Amino acid sequence: MCGIVGYAGRPVAQGGHPATEVVLEGLRRLEYRGYDSAGIAVIADGAIASRKKAGKLANLLAEIDQDPLPESSTAIGHTRWATHGGPSDKNAHPHLADGGRLAVIHNGIIENFSPLKKSLLERGHTFLSETDTEVAAALLGDIFNGEAAGDLTRAMQLTASRLEGAFTLLAIHADLPGVVVAARRNSPLVVGLGEGENFLGSDVSGFIDYTKRAVELGQDQVVTITPEDYSVTDFAGNPAQGREFTVDWDAAAAEKGGYASFMAKEIHDQPQAVADTLLGRADSEGRLVLDELRIDVEELKSISKIVVLACGTSAYAAHVAKYAIEHWCRIPVDVELSHEFRYRDPIVGADTLVVTISQSGETMDTLMALRYAKEQGARTLAICNTNGSSIPRESDAVLYTHAGPEIAVASTKAFLAQITATYLLGLYLAQLRGNLYQGEIKDILSDMADIPAKIQDILDREDEVIALAEAMQDTTSVLFLGRHVGFPVAMEGALKLKELAYIHAEGFAAGELKHGPIALIDEGQPVFVVVPSPRGRHSMHAKVVSNIQEVRARGAKTLVIAEAGDTAVGEFAEWVFRVPETKTLLMPLLTVVPLQIFAAALAGAKGLNIDQPRNLAKSVTVE
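All letters in the sequence shown, in the order written, are residues 1 to 623 by this note's numbering.
Hint data in this document are derived by calculation from the structure and do not stem from the laboratory. Remember, it's a predicted structure, so these values are computed and weren't measured experimentally. A few of these clues could be false.
Stated by the list, open to error - Simulated crosslink set (PhoX-like; lysine-lysine; CA at most 25 Å straight-line):
| no. | residue 1 | residue 2 |
| --- | --- | --- |
| 1 | Lys-305 | Lys-322 |
| 2 | Lys-212 | Lys-305 |
| 3 | Lys-374 | Lys-301 |
| 4 | Lys-606 | Lys-583 |
| 5 | Lys-583 | Lys-322 |
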């Protein structure tokens with residue numbers, strides 16, 4: 001997830017805005033989308049001038065203060081959330097091509113960048129960065145000077161047709177002042193319509209200070225803006241249309257996509273977060289790969305034990321991972337809280353793979369546990385949402401989630417991205433060890449590819465959950481029950497209520513109910529039950545239905561999360577929310593979503609600060 005701004009306006013002498021000023025203000029509002037680097041390119045005096053700097057936008061602003069850009073009326077700008085290539089000056093956007101006369105910025109992941117890069121290298125192109133974006137820039141420049149015959153719009157159409165994955169691409173060329181061309185596939189892009197000026201942005205906050213007229217572009221479309229006009233085509237060059245709308249949010253709300261809180265936005269980001277985390281995971285032969293691998297694959301093959309270390313929400317993702325990895329790989333998996341690990345003399349060695357899960361990559365408990373594991377000779381692998389952070393840097397291998405920045409303190413989209421990444425790790429290890437056939441892995445990946453649309457189905461029905469939360473505004477205690485992969489979901493549901501609504505909440509394994517917790521059930525006690533699929537193994541569904549009856553018989557208010565088509569739960573529940581069908585191991589990616597919505601809505605009903613809950617911080621950097 002990156003922030004993108006484009007601007008084409010009249011010259012300043014004719015009443016236009018300075019392009020640099022417009023773009024930098026847009027980047028300031030879009031920095032929540034990424035803060036690994038920032039950059040800008042302008043057209044001036046028949047040439048491209050650019051500045052880019054690793055780190056936050058302030059670093060770029062300082063660079064421009066020291067070395068100002070020439071006055072311009074055409075510009076593109078970018079604030080980066082790193083995927084391909086770590087946060088650095090050379091990996092920052094824009095990337096230049098065509099002898100420095102073409103500038104390109106990009107949001108997303110280009111899955112087939114490797115064969116494209118190989119082809120371009122063979123044709124004499126050189127690359128200065130580690131990014132997939134520079135490959136797209138080189139390809140665009142090549143096509144611009146060849147098949148497109150100097151037509152930048154045509155070059156973008158042809159380039160976009162050859163790219164796979166998710167991308168929003170913006171480009172300017174020194175030969176074409178007053179023109180910005182963009183393409184989108186599986187990545188957001190909005191046009192802003194002004195008087196004598198037009199804008200592009202990854203969302204409306206990129207230009208909200210200048211206009212509230214906007215056009216939402218559709219899938220696989222190319223747009224060309226000039227100061228006076230804009231035109232839309234599909235990738236084949238056929239005329240197309242976007243959807244025009246008026247932005248009725250203020251600037252602050254625009255940064256949140258019109259949602260009342262960053263958490264609400266991030267809950268709704270989850271289809272994209274899961275989809276992006278699945279992108280770019282295969283090599284040219286279709287086999288799963290890790291993002292970074294600094295150990296021999298034979299060493300990974302030989303591991304006999306996995307220990308997963310994490311804290312808080314990440315720990316519940318780890319618990320989900322245990323079910324999947326043990327099932328697919330037949331390797332024993334232990335899950336431990338990072339802050340307990342090194343204080344109990346754990347048994348790890350060269351045959352142990354220690355997996356750390358951290359959204360920020362700076363969680364001190366997890367970082368210290370990682371260092372201890374390395375001292376004991378263990379092999380280490382990081383699952384992380386922040387490229388170039390401490391935990392990935394110090395690990396032997398890395399699998400990045402691509403959820404984009406998570407601004408709200410309590411985690412939502414990072415949790416789903418972490419679960420997705422652990423599944424990818426499990427499938428990678430199963431591939432490496434030969435536990436699953438390649439066809440079986442492809443089938444599972446196909447089921448995972450359907451998950452984003454199923455999450456969206458849940459989000460489209462969120463009003464059911466919000467209404468329940470508002471009706472329960474005065475609730476002081478909620479219990480959560482689950483079995484198998486529903487157990488960590490129950491614990492995560494409870495954690496969200498603690499974090500956001502400040503009320504007593506506990507998650508239990510449903511089978512544990514009769515061993516003590518059922519004593520907590522009193523008349524009117526709300527109990528959420530995460531029900532496994534009736535299509536699953538081991539009669540778990542029947543057992544959980546019995547659990548519902550047990551608590552209901554003692555006066556509980558039963559609130560059920562069940563699979564679509566599950567008719568057995570209806571007569572035993574006061575309230576039922578149904579999630580789409582999927583494979584058992586993939587259910588947490590769906591069943592946790594209504595619990596997130598409930599927690600946020602209950603906190604909202606209580607008038608609490610959803611994005612910044614009391615006593616909490618986003619990244620815990622003390623042990």
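Hint check:
no. : hint                 : in the structure
1   : Lys-305 with Lys-322 : 11 Å, holds
2   : Lys-212 with Lys-305 : 56 Å, violated
3   : Lys-374 with Lys-301 : 18 Å, holds
4   : Lys-606 with Lys-583 : 36 Å, violated
5   : Lys-583 with Lys-322 : 16 Å, holds
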